Amino acid sequence: MNTMNKITHHLSDQLLIGYSAGTLPEAFNLVVATHLSMCDECRAAAQSYDSVGGALLHAQPTEDLDAAALAKTMALIAKGPKVAPPATAGSDLPDPLSAYIGGGLSDIKWRPIGLGVRQSVLRTSHAATARLLYIPAGAAVPDHGHRGTELTLVLKGAFSDETARFAAGDVEVAGEDLHHKPVAEIGHDCICLAATDAPLRFSAWVPRVAQSILRL
Amino acid sequence: MRVNLDIVQEAGASGYQVAYAVLNSNVFDDQKASIRAVTKTIPKNTWVDHLKRIQTDRDQQAFAELFGYFAPRVKAFLMKSGAAPGLAEDCTQEVMATLWHKAHLFDPSRASVSTWIFTIARNKNIDALRKQRRPEPEELTWGPEAEPEASDILVMQQESQQLSQAMKALPCQQRELIEKAYFGDLSHGQIAAETGLPLGTIKSRLRLALSKLRQTMK
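Protein chains in written order, with this note's numbering: chain A, 1 to 216; chain B, 1 to 218.
Because the hints were derived from the structure by calculation, they are not lab data. Remember, it's a predicted structure, so these values are computed and weren't measured experimentally. Any given hint could turn out to be false.
Calculated lysine-lysine pairs in the DSSO-like style (CA-CA distance at most 30 Å, straight line) [unchecked claim]:
| no. | chain 1 | residue 1 | chain 2 | residue 2 |
| --- | --- | --- | --- | --- |
| 1 | A | Lys-72 | B | Lys-52 |
| 2 | B | Lys-168 | B | Lys-80 |
| 3 | A | Lys-82 | B | Lys-80 |
Generate the whole structure from the sequences, applying the supplied hints.
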């Protein structure tokens, strides 16, 4: 799925390497896989980083295997392949994300989190949290900072914060140093996929109370 | 431009030599010339031919040879990533069985055999050790051309070998950093803590290592 507009905010090399190496938390992998589905440039970079993994595998010192390893593998092969779950086809969202939602945009179960902003938490491993955010046109996500890393991928519409403007396909990689207040652009509601590996830090007390209830 | 790939194998003590594209007769001469200029030969020991034999003939001999080379390396990778020897052994066998079952999906114009096996082993690692799902990017639709271009296959395989050689030529420190990022199961923050280097240094070192790799490959 390629978006029509040009993507200007890409994934960092660190994230692409982590995705290739398989060391990122699941929620981050989901954001990366969804961005790669929309961005050919990062997809090509990810394939290069996979090649680095392949080269490292070549250069590995070997570990001895069980004497019967090949025979056991042939026995596994004889059992036949594991049947993969059918891919979600024809969704209006990239496949990796559709698989987590169990459908497209209209299947998302939104919950209000105040000021018109809605969210839907996706099920991933606990090391990080993935959520969809619905920010009505002109509305803002409360001012917040980060303890860890926050990735925000725009799926529809656009938002701006203190650093830049982010449109469909763009991903913002926010580290501990960034304190920001994303505002959806006038004219279109903005839908984002966001992942955090530590709870957000809100500046005002109302969102802080909401945070403890809403798993923000 | 449509070409058929015929992998011609010459028996040799060190592996599989010379492979080249045999072009259809309807391809213009200048195209032939340009392909010859790009392709030359598939380098030795790329294992592409073995995988092709598994794909087309379910060749158990080819599988056994591939297994002999890659399975001990896959096991080493899994152990470095934190698997106990018994689990690494079981996972290695499952990785190699997956390779057999998915052989028809291998596309030598998009990856080397070792890269493809690395991705299978990595996904097994995430599934069995980290107990996570692995979201993968949407498959690209490549249009009506099902068969990969011979020149693309040769370029991909050559570049992969050049990458391996370039990685061998890297200074030890840089190699170790890359290895840690891939096999150490460490975040960049953890790498920084372990080596006492600030995060920025790690990032620029990794960049440096990879840009050096890119330069070496030019």
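Verification of the hints:
| no. | hint | in the structure |
| --- | --- | --- |
| 1 | Lys-72/A <-> Lys-52/B | 23 Å, holds |
| 2 | Lys-168/B <-> Lys-80/B | 19 Å, holds |
| 3 | Lys-82/A <-> Lys-80/B | 26 Å, holds |
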